[in-house]
Amino acid sequence: MEKVGGWVRVRDEGDKITLAYKQLNDRSLHGTKEVSVEVSDFNNTCQILEAVGLEAKSYQETKRETWHYKNCEITLDTWPWIPSVVEIEAESEEAVQLVASALGFTWAEALHGSIENVYQKYYKVTESEVGHWKEITFIPVPFWLEPKRRLG
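Numbering-wise (the UniProt record's numbering), the sequence shown opens with residue 1 and increments by one.
Think of the hints as simulated: they come from the structure by calculation, not from any bench.
Please read all numbers here as calculations on a predicted model, not as lab measurements.
Please note that a few of the clues may not be correct.
As the list claims (entries may be wrong) - Below, computed lysine-lysine pairings styled on DSSO-like, alpha-carbon distance capped at 30 Å:
{"hint": "1", "residue 1": "K63", "residue 2": "K148"}
{"hint": "2", "residue 1": "K70", "residue 2": "K3"}
{"hint": "3", "residue 1": "K134", "residue 2": "K33"}
Stated by the list, open to error - Simulated restraints, written as ranges between beta carbons of each label pair:
{"hint": "4", "residue 1": "S128", "residue 2": "T106", "range": "27 to 33 Å"}
{"hint": "5", "residue 1": "N44", "residue 2": "F143", "range": "32 to 38 Å"}
{"hint": "6", "residue 1": "V52", "residue 2": "K121", "range": "31 to 37 Å"}
{"hint": "7", "residue 1": "V141", "residue 2": "Y69", "range": "28 to 34 Å"}
{"hint": "8", "residue 1": "G31", "residue 2": "P147", "range": "27 to 33 Å"}
{"hint": "9", "residue 1": "E50", "residue 2": "S128", "range": "19 to 25 Å"}
{"hint": "10", "residue 1": "K148", "residue 2": "K16", "range": "20 to 26 Å"}
{"hint": "11", "residue 1": "T126", "residue 2": "V85", "range": "17 to 23 Å"}
{"hint": "12", "residue 1": "E109", "residue 2": "E38", "range": "28 to 34 Å"}
{"hint": "13", "residue 1": "R9", "residue 2": "L103", "range": "34 to 40 Å"}
Glycine included, every Cβ here is placed at the ideal spot set by N, Cα and C.
Throw the hints in and build the complete structure from the sequences for me.
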């Protein structure tokens with residue numbers, strides 16, 4: 001799975017729990033393949049994944065707000081140790097660009113791909129390093145990451 005840039009995620013969204021397979025094919029707007037299903041129990045789902053040989057790689061906390069506007073889904077994701085990010089999803093790149101512009105964003109500011117790109121913007125770390133962090137939680141920036149903070 002890692003050889004093709006894929007991973008499995010179990011997410012507790014408060015009102016539902018989802019199991020998803022994601023695969024990063026490229027860093028374009030639609031470069032991530034995602035297939036998801038709603039499940040009934042977070043812990044049991046994790047146990048099933050472990051039973052078939054998958055290992056838990058990382059525990060990550062986020063806070064998320066979702067809106068819908070002009071056939072787009074707009075998500076405000078708050079991750080530990082970085083500023084909140086806005087994700088806009090739609091069927092076409094044109095629709096995403098129109099909504100991004102309406103929200104005051106420029107296309108040149110856009111980052112495509114996974115959250116690792118955003119951590120790289122604020123810390124001197126590689127995508128691989130971020131991908132191997134065991135926990136990303138709402139605690140102060142860990143002592144081992146603080147010296148890597150990008151200034152300004």
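What are the numbers of the hints the structure violates, in ascending order? 2, 10, 13
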